[in-house]
Amino acid sequence: GDSVTQMEGPVTLSEEAFLTINCTYTATGYPSLFWYVQYPGEGLQLLLKATKADDKGSNKGFEATYRKETTSFHLEKGSVQVSDSAVYFCALINYGQNFVFGPGTRLSVLP
Amino acid sequence: DGGITQSPKYLFRKEGQNVTLSCEQNLNHDAMYWYRQDPGQGLRLIYYSQIVNDFQKGDIAEGYSVSREKKESFPLTVTSAQKNPTAFYLCASSVGTGYGYTFGSGTRLTVV
Chain A
137 GDSVTQMEGP VTLSEEAFLT INCTYTATGY PSLFWYVQYP GEGLQLLLKA TKADDKGSNK
197 GFEATYRKET TSFHLEKGSV QVSDSAVYFC ALINYGQNFV FGPGTRLSVL P
Chain B
259 DGGITQSPKY LFRKEGQNVT LSCEQNLNHD AMYWYRQDPG QGLRLIYYSQ IVNDFQKGDI
319 AEGYSVSREK KESFPLTVTS AQKNPTAFYL CASSVGTGYG YTFGSGTRLT VV
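Protein chains in written order, with our numbering: chain A, 137 to 247; chain B, 259 to 370.
Hint data in this document are derived by calculation from the structure and do not stem from the laboratory.
Careful, some of the hints might be misleading.
[What the hints assert, rightly or not] Straight-line alpha carbon distances no greater than 30 Å define the calculated DSS-like cross-link-like pairs of lysine-lysine that follow:
(1) B:Lys267 to B:Lys328
(2) B:Lys267 to A:Lys185
(3) B:Lys267 to B:Lys341
(4) B:Lys267 to A:Lys196
(5) A:Lys213 to A:Lys188
(6) B:Lys329 to A:Lys185
(7) B:Lys315 to B:Lys267
(8) B:Lys272 to A:Lys185
(9) B:Lys341 to B:Lys272
(10) A:Lys196 to A:Lys185
(11) B:Lys315 to B:Lys341
(12) B:Lys328 to B:Lys315
Here the structure is a predicted model, which is why all the values come from computation and not from measurement.
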């Protein structure tokens, strides 16, 4: 079945550092890819998405590019802030199927 | 503004009791979902419903029950048969299967 793999956390960075969270997937067909963010004690919020190969999703300084050749959707941000501390989930969905979530990566940004 | 409302935010249950978690959406979404999240863990699908009066078991349905009598509502009952119910419960909805989800803010259930 379809699956999503994320880099193990936690990831700890200093403020203004560059962020990369790796995400790779295994799926049939042409899934849509998503990044969700979960702040402490809250639900998940959609951060960005891409629906086809070579699409780039972006939001709040975060970016991710749908790479079909490497089956990847890595999340990047050029300069993280303390307020970015959260858990980040990579996910995919194929039409007619339910979401497949990765295990989540906890990010801690230190001042 | 449209969204999903989960209530209560915190819920305490005595052993042997059933409790019901509320999930209401005003997004006119057909599909609704319940997930369980344990500390430091990912999301596990409990039940989902693609249309009113129909629902399917997810990966961990044992000890839980749901109903979908209205499009807007998808309550989850945690029964006494669920041996380890302490967790964070998330409700979500989508236009249909294959589309992105909108999540509620969650209910934290604790057995006391």
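To see whether the hints hold, each was checked on the structure:
For the given pair, Lys267 of chain B sits about 22 Å from Lys328 of chain B by alpha-carbon distance, which is consistent with the 30 Å threshold. Straight-line distance between C-alpha atoms of Lys267 of chain B and Lys185 of chain A comes to about 28 Å, which keeps the hinted pair within the 30 Å bound. With a C-alpha separation of about 21 Å, the suggested pairing of Lys267 of chain B with Lys341 of chain B holds against the 30 Å cut-off. A threshold of 30 Å between alpha carbons decides the hint, and for Lys267 of chain B with Lys196 of chain A the separation of about 27 Å falls inside it, so the pair holds.
Taking the CA atoms of Lys213 of chain A and Lys188 of chain A, the gap is about 21 Å. The hint holds against a cut of 30 Å. Restraint check for Lys329 of chain B and Lys185 of chain A: satisfied, since their Cα atoms lie roughly 26 Å apart, inside the 30 Å limit. Restraint check for Lys315 of chain B and Lys267 of chain B: the C-alpha separation of about 24 Å stays at or below 30 Å, so the hint holds. About 41 Å separates the Cα atoms of Lys272 of chain B and Lys185 of chain A, which puts this hinted pair outside 30 Å; it is violated.
For the hint linking Lys341 of chain B to Lys272 of chain B, the alpha-carbon distance of about 12 Å falls within 30 Å, and the restraint holds. Under the criterion of a C-alpha separation no larger than 30 Å, the hint pairing Lys196 of chain A with Lys185 of chain A is consistent with the structure, at around 13 Å. Of the pairs offered as hints, the one joining Lys315 of chain B and Lys341 of chain B holds, with about 18 Å between alpha carbons and a cut-off of 30 Å not exceeded. Simply put, Lys328 of chain B and Lys315 of chain B have alpha-carbon atoms about 18 Å apart, close enough for the 30 Å limit, and the pair holds.
In terms of the numbered hints stated before, the structure departs from hint 8 and from no other.
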